[in-house]
Amino acid sequence: GESVGLHLPTLSVQEGDNSIINCAYSNSASDYFIWYKQESGKGPQFIIDIRSNMDKRQGQRVTVLLNKTVKHLSLQIAATQPGDSAVYFCAETFGNEKLTFGTGTRLTIIP
Amino acid sequence: KAGVTQTPRYLIKTRGQQVTLSCSPISGHRSVSWYQQTPGQGLQFLFEYFSETQRNKGNFPGRFSGRQFSNSRSEMNVSTLELGDSALYLCASTPGARGTDTQYFGPGTRLTVL
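Chains as they are written, first to last, in this note's numbering: chain A, 1 to 111; chain B, 112 to 225.
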């Protein structure tokens, strides 16, 4: 079946540095992608999304890049802060289908 | 605007029992989805409801069921609980019917089956 996966299960970044979290997806029909952040004891929180007609979208300190040719998605976090420590999930969908989530990457910010 | 609320937040049950979890979506949101989250399997989609109708269903046994009320509130039920049902159950709501709408998650219900 279709799957969404992550290249690295854990990532440690020095506070103030930029971080990049990667995600590979296998369904070429997917047309909507979302990044979620989940802190301990909380539900996933929407960070940023991107539709397949775009290859880049920027938010506050975050940028999502979409490469449809190689079916790859990345989340860039600029100037990381301790509060960025969390598990990050990518998710994909198409049409009215359900969201499919990746396994998650744990980001740890080193003070 | 209040976020998605889930009750109870924590629940302990024994094998063979049944459980009902409740979810109140964000005001005005009409679609509710349920997910099971475990360390080993990650976030697994259970089902989605829109206007009191189940629109999508994941690959879970029939012991897992749900429903949605006219006020968009939703419940999910798990019968004949098994140890493997221990998980965080998350509810998410979206404004409309499109799967591409952003989903807003509640804090989850932590179910422990002994």
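Treat the hints with caution; some may be incorrect.
From the structure, some residues in chain A lie toward chain B, with a derived Cβ separation under 7 Å [to be verified]:
# : residue
1 : A24
2 : K42
3 : F46
4 : F101
5 : T103
6 : R106
Think about it this way: if two alpha-carbon atoms lie no more than 27 Å apart in a straight line, the pair counts; the simulated DSS-like pairs of lysine-lysine are [as the list claims (entries may be wrong)]:
#  : chain 1 : residue 1 : chain 2 : residue 2
7  : A       : K56       : A       : K98
8  : B       : K168      : A       : K71
9  : A       : K42       : B       : K168
10 : B       : K124      : A       : K42
11 : A       : K98       : B       : K168
Think of the hints as simulated: they come from the structure by calculation, not from any bench.
Virtual Cβ for every residue (Gly too), placed ideally from N, Cα, C.
Handout entry: In rising order, the numbers of the hints this structure does not comply with
Key = Numbers 1, 6, in rising order.
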